[in-house]
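Student: The chain contents come next:
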Amino acid sequence: MRIAISDDALALACGADQVAEAIAKAAPDADIIRVSSWGMSWLEPLVEVDGIGYGPATVDDVAAILDGSSGLNIGRIANHPFIARQQRLTFARAGITQPLDLDEYRATGGWLGLEKARAAGADAVIETVTDSGLRGRGGAGFPAGIKWKTVASADGPQKYIVCNADEGDSGTFADRMLMEGDPYCLIEGMAIAGLAVGADKGYIYVRSEYPHAIAKLNAAILASAHIVTPFDIEVRVGAGAYVCGEETSLLESLEGKRGEVRAKPPLPALEGLFGKPTVVNNVLTLAAVPYILANGAKAYADYGMGRSRGTMPIQLAGNLKHGGLFETAFGITLGELVNDIGGGTESGEPVKAVQVGGPLGAFHPASDFHLPFDYESFTAADGLIGHGGIVVFDESADMLAQARFAMEFCAAESCGKCTPCRLGSVRGMEVLDRIKTGGRAAADSVESLPQMHNAPKQGRSTDEELSLISDLCETMKFGSLCALGGFTPYPVMSAIRHWPEDFGASADMVKDIS
Amino acid sequence: MDKTARLGEIVAAHAGREGPLLPVLHDIQSEFGCIDEETKRFLASALNLSRAEVHGVVSFYHDFKSEPAKLPVLKLCRAEACQARGCDSLAAEISVVAKDRCEIETVYCLGLCSVGPNAMIGADVHARLDVGKLTQLIEAL
Ligand code: SF4
Ligand code: FES
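In the order they appear, the protein sequences are chains L and C. Take the first sequence: its letter number 213 is residue 213 in the numbering used here, and every next letter is one higher. Take the second sequence: its letter number 117 is residue 117 in the numbering used here, and every next letter is one higher.
Among the hints, a few may not be true.
Here are the simulated BS3-like pairs of lysine-lysine, each with C-alpha atoms no more than 27 Å apart in a straight line [said to hold, decoys possible]:
| id | chain 1 | residue 1 | chain 2 | residue 2 |
| --- | --- | --- | --- | --- |
| 1 | L | K201 | L | K276 |
| 2 | C | K133 | C | K70 |
| 3 | L | K264 | L | K276 |
| 4 | C | K99 | L | K321 |
| 5 | C | K3 | C | K70 |
| 6 | C | K99 | L | K257 |
| 7 | L | K298 | L | K321 |
| 8 | C | K70 | L | K321 |
| 9 | L | K264 | L | K477 |
| 10 | C | K70 | C | K99 |
| 11 | C | K133 | L | K25 |
| 12 | C | K75 | C | K99 |
| 13 | C | K65 | L | K417 |
| 14 | L | K321 | L | K149 |
| 15 | C | K99 | C | K133 |
| 16 | L | K436 | L | K321 |
| 17 | L | K25 | L | K116 |
| 18 | C | K70 | L | K264 |
| 19 | L | K264 | L | K298 |
| 20 | C | K133 | L | K257 |
| 21 | L | K149 | L | K25 |
Label pairs and their in silico Cβ distance ranges [to be verified]:
| id | chain 1 | residue 1 | chain 2 | residue 2 | range |
| --- | --- | --- | --- | --- | --- |
| 22 | L | E115 | C | R6 | 26 to 36 Å |
| 23 | C | K133 | L | G68 | 23 to 33 Å |
| 24 | C | S45 | L | E234 | 35 to 45 Å |
Among the chain L residues that face chain C by a calculated CB cut under 10 Å, a handful are [as the list claims (entries may be wrong)]:
| id | residue |
| --- | --- |
| 25 | L12 |
| 26 | M177 |
| 27 | T229 |
| 28 | P230 |
| 29 | F231 |
| 30 | R236 |
| 31 | L270 |
| 32 | L273 |
| 33 | F409 |
| 34 | C415 |
| 35 | R427 |
| 36 | K436 |
Hints were generated in silico from the structure; no laboratory data involved. The model shown is predicted, which means the values in this text are computed figures rather than measured ones. Using N, Cα and C, we set each Cβ at its ideal position, and we do this for glycine too.
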């Protein structure tokens with residue numbers, strides 16, 4: 001009997017170790033292996049007995065699972081509709097292989113991309129990546145091939161590949177799953193990037209909230225060093241600052257400094273880590289590269305729509321019946337993702353809002369469900385797809401509270417370099433708090449002092465407060481140096497625009513803002 | 001071994017790295033539970049930085065503390081996906097139980113967003129928390 005159980009952090013958090021232990025005790029002769037996760041979160045811990053899945057399993061279910069009588073039986077996992085509907089290129093090994101097993105990695109096509117890259121040479125690799133249409137999966141969507149080319153043609157004996165694994169967006173976990181479940185795939189992608197641009201050193205900057213990923217990466221780097229040499233990779237651990245996911249503050253942090261955002265130019269591609277030409281790519285971007293090199297640019301570019309080529313590992317989270325990782329070509333609609341694949345809310349209440357693209361992404365009402373999931377469609381609808389995270393809220397969500405949280409998050413995580421973000425976020429919280437209590441009272445004692453002649457002496461209605469926050473958002477959007485301050489207006493303004501009733505806006509105001 | 005000697009060892013262990021301050025601080029934080037003034041002074045001279053630079057870095061990052069935690073720390077995720085699954089009311093309900101037993105620290109996302117509310121204690125992660133489960137965790141601390 002071959003029994004597979006994931007050792008992904010999410011499975012562990014749901015009790016996978018306890019279940020594995022109970023199985024080992026009950027079936028001492030079984031061959032128990034620890035694999036990556038299929039990404040069907042609602043079924044974790046998922047126990048696979050000779051291909052048949054049982055989940056979510058608890059210790060009490062073990063006896064029935066072993067004798068085949070358990071009601072948790074979901075049939076052959078690979079045929080489950082959640083899996084069968086996907087187009088898994090980056091996550092092809094998810095749920096199947098043991099993360100650190102080098103033989104399994106090779107047997108499933110591992111290192112083929114690197115071998116082809118070595119045979120083809122740097123220029124051909126850059127051409128292939130460019131032709132594949134691969135864009136940065138971290139959020140900004142910048143074409144990977146162009147970035148690589150800039151670094152390749154920059155002067156300098158020392159260049160770097162930096163992998164941004166500071167996945168701090170709520171609702172996103174694809175980076176974590178890939179690093180824990182298929183670390184060699186990331187290593188291979190980095191080695192190919194190094195070959196393409198002439199860099200022999202790579203850093204993976206991982207957030208400290210991911211101890212399991214850090215451990216897996218370190219083990220994988222050690223075990224595969226002889227294969228990727230002369231390329232050499234080091235893991236660096238972040239220290240709990242969200243803004244370090246921003247490419248330039250990540251570089252500052254890697255250099256051992258405060259994670260403050262740098263002004264661009266100079267581009268990191270020309271003056272990046274320690275002032276040297278540097279490729280900064282997200283985990284998913286680099287992990288897509290081995291497939292592209294192994295199968296050719298066209299194989300990848302054939303997936304997708306418009307200028308969004310290939311597949312996107314979409315992460316379904318929040319109040320959903322079937323949360324998890326769903327990799328598919330660009331172009332699937334938001335409604336399909338939430339209702340068909342995610343199964344609607346877990347609470348059974350209607351969906352109120354869906355936040356797409358992390359804490360800096362817009363909240364979308366159900367009337368946006370027709371939107372195809374691609375970069376351009378979401379930009380056109382005043383939103384963003386960011387790192388591909390989708391967080392679903394049911395009716396009970398209070399959108400004023402969500403807007404306030406967005407400002408609060410920005411205030412807590414601001415690097416402090418520019419005023420619209422550092423101060424605007426705090427002022428934004430204050431305005432939203434006043435909206436909650438119905439506007440602003442007439443001048444308080446400080447403001448009535450004669451020297452405060454510019455301070456408002458009258459109160460402000462809710463509507464006036466709302467137009468104040470619109471102005472503030474405008475200032476933050478255009479005056480901020482990076483996405484944290486610049487994108488916080490997305491969740492705030494989308495909440496006001498779509499759910500003005502939660503803010504106590506008057507009928508006239510509603511017309512104004514919509 | 002006295003503290004200065006141990007700090008010297010930690011710095012030496014990272015000597016081969018480029019820009020070693022963060023890994024050094026992580027090691028010190030995990031061994032001593034905080035990074036105090038004396039340590040900052042030591043690091044400034046050992047790494048040839050100004051004290052202001054070291055202080056600036058230590059104070060920038062949420063992971064580095066200036067005083068050791070008095071109680072065990074439970075990191076509860078309060079980010080959007082966990083909010084959508086009820087972490088806020090959970091946090092309110094649990095505050096009494098937690099009072100003298102542990103420090104509840106807020107984190108924004110542990111990457112387990114489809115099975116929240118979630119928490120982390122040390123490197124152990126816990127999902128699908130409700131009042132009963134979280135109370136058990138806290139009582140076991
Ligand atoms: S927008 Fe905020 S986080 Fe970004 S550089 Fe300005 S202050 Fe720093
Ligand atoms: S939002 Fe709580 S784990 Fe991601």
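Student: Evaluate each hint against the coordinates.
Tutor: Quick rundown of the hints versus the structure:
1. Taking the CA atoms of K201 (chain L) and K276 (chain L), the gap is about 12 Å. The hint holds against a cut of 27 Å.
2. Taking the CA atoms of K133 (chain C) and K70 (chain C), the gap is about 23 Å. The hint holds against a cut of 27 Å.
3. Restraint check: the Cα-Cα separation between K264 (chain L) and K276 (chain L) comes to about 15 Å, which is no more than 27 Å; the hinted pair holds.
4. Using a Cα cut-off of 27 Å, the hinted pair K99 (chain C) and K321 (chain L) is violated, with the two alpha carbons roughly 33 Å apart.
5. A distance of roughly 20 Å separates the Cα atoms of K3 (chain C) and K70 (chain C); the hinted pair therefore holds under the 27 Å criterion.
6. With a CA separation close to 35 Å, the supplied pair K99 (chain C) and K257 (chain L) exceeds the 27 Å bound.
7. Simply put, K298 (chain L) and K321 (chain L) have alpha-carbon atoms about 36 Å apart, too far for the 27 Å limit, and the pair is violated.
8. A hinted pair counts as satisfied when its Cα atoms are at most 27 Å apart, and K70 (chain C) with K321 (chain L) does not qualify at roughly 39 Å.
9. For the given pair, K264 (chain L) sits about 17 Å from K477 (chain L) by alpha-carbon distance, which is consistent with the 27 Å threshold.
10. Proximity of K70 (chain C) to K99 (chain C) is assessed by CA-CA distance (about 12 Å); at most 27 Å being required, the pair is judged to hold.
11. Our distance criterion of 27 Å between C-alpha atoms is met by K133 (chain C) and K25 (chain L), whose separation comes to about 25 Å.
12. For the proposed pair K75 (chain C) and K99 (chain C), the alpha carbon gap of about 14 Å is at most 27 Å, so the pair holds.
13. Taking the CA atoms of K65 (chain C) and K417 (chain L), the gap is near 22 Å; set against the 27 Å cutoff, the hint holds.
14. A distance of roughly 43 Å separates the Cα atoms of K321 (chain L) and K149 (chain L); the hinted pair therefore is violated under the 27 Å criterion.
15. Of the supplied pair hints, the one linking K99 (chain C) and K133 (chain C) holds, its CA atoms being roughly 16 Å apart against a limit of 27 Å.
16. Of the pairs offered as hints, the one joining K436 (chain L) and K321 (chain L) is violated, with about 32 Å between alpha carbons and a cut-off of 27 Å exceeded.
17. Between K25 (chain L) and K116 (chain L), the direct Cα distance comes to roughly 46 Å. Violation of the 27 Å bound is thereby established for this hinted pair.
18. The straight-line distance between the Cα atoms of K70 (chain C) and K264 (chain L) is roughly 43 Å, outside the 27 Å bound, and the hint therefore fails.
19. For the given pair, K264 (chain L) sits about 33 Å from K298 (chain L) by alpha-carbon distance, which is inconsistent with the 27 Å threshold.
20. Only pairs whose Cα atoms come within 27 Å are accepted, and K133 (chain C) paired with K257 (chain L) is rejected, the gap being roughly 39 Å.
21. Restraint check for K149 (chain L) and K25 (chain L): the C-alpha separation of about 55 Å exceeds 27 Å, so the hint is violated.
22. For the hinted restraint 26 to 36 Å between E115 (chain L) and R6 (chain C), the CB-CB distance of approximately 46 Å leaves it violated.
23. The hint said 23 to 33 Å for the Cβ distance between K133 (chain C) and G68 (chain L), and at roughly 30 Å that hint holds.
24. For the hinted restraint 35 to 45 Å between S45 (chain C) and E234 (chain L), the CB-CB distance of approximately 26 Å leaves it violated.
25. Annotation: interface hint on L12 (chain L) holds; nearest CB of chain C at approximately 6 Å, less than 10 Å.
26. Given hint, M177 (chain L) at the interface with chain C, holds; its Cβ is 8 Å from that chain's nearest Cβ, closer than 10 Å.
27. For T229 (chain L), the interface hint is violated, since its Cβ never comes within 10 Å of a Cβ in chain C; the closest pair sits about 18 Å apart.
28. A distance limit of 10 Å between C-beta atoms decides the matter here; for P230 (chain L) the minimum to chain C is near 17 Å, and the interface restraint is violated.
29. Here the hint on F231 (chain L) is broken, as its CB sits about 16 Å from the closest CB of chain C, past 10 Å.
30. The beta carbon of R236 (chain L) comes within 7 Å of a beta carbon in chain C, closer than 10 Å, and the hint placing it at the interface holds.
31. Among the interface hints, the one on L270 (chain L) is violated; its C-beta lies about 19 Å from the nearest C-beta in chain C, farther than the 10 Å criterion.
32. The restraint placing L273 (chain L) at the interface with chain C holds, with a minimum CB-CB distance near 8 Å, inside the 10 Å limit.
33. The criterion of a C-beta within 10 Å of any C-beta in chain C is met by F409 (chain L), whose closest approach is roughly 7 Å, and the hint holds.
34. For C415 (chain L), the interface hint holds, since its Cβ comes within 10 Å of a Cβ in chain C; the closest pair sits about 8 Å apart.
35. With its C-beta approaching chain C no nearer than about 21 Å, R427 (chain L) sits outside the 10 Å limit, and its interface hint is violated.
36. A hinted interface residue such as K436 (chain L) counts as satisfied when its beta carbon comes closer than 10 Å to some beta carbon of chain C; here the least separation is about 15 Å, so the hint is violated.
Going through the hint list in order, the structure does not satisfy hints 4, 6, 7, 8, 14, 16, 17, 18, 19, 20, 21, 22, 24, 27, 28, 29, 31, 35, 36.
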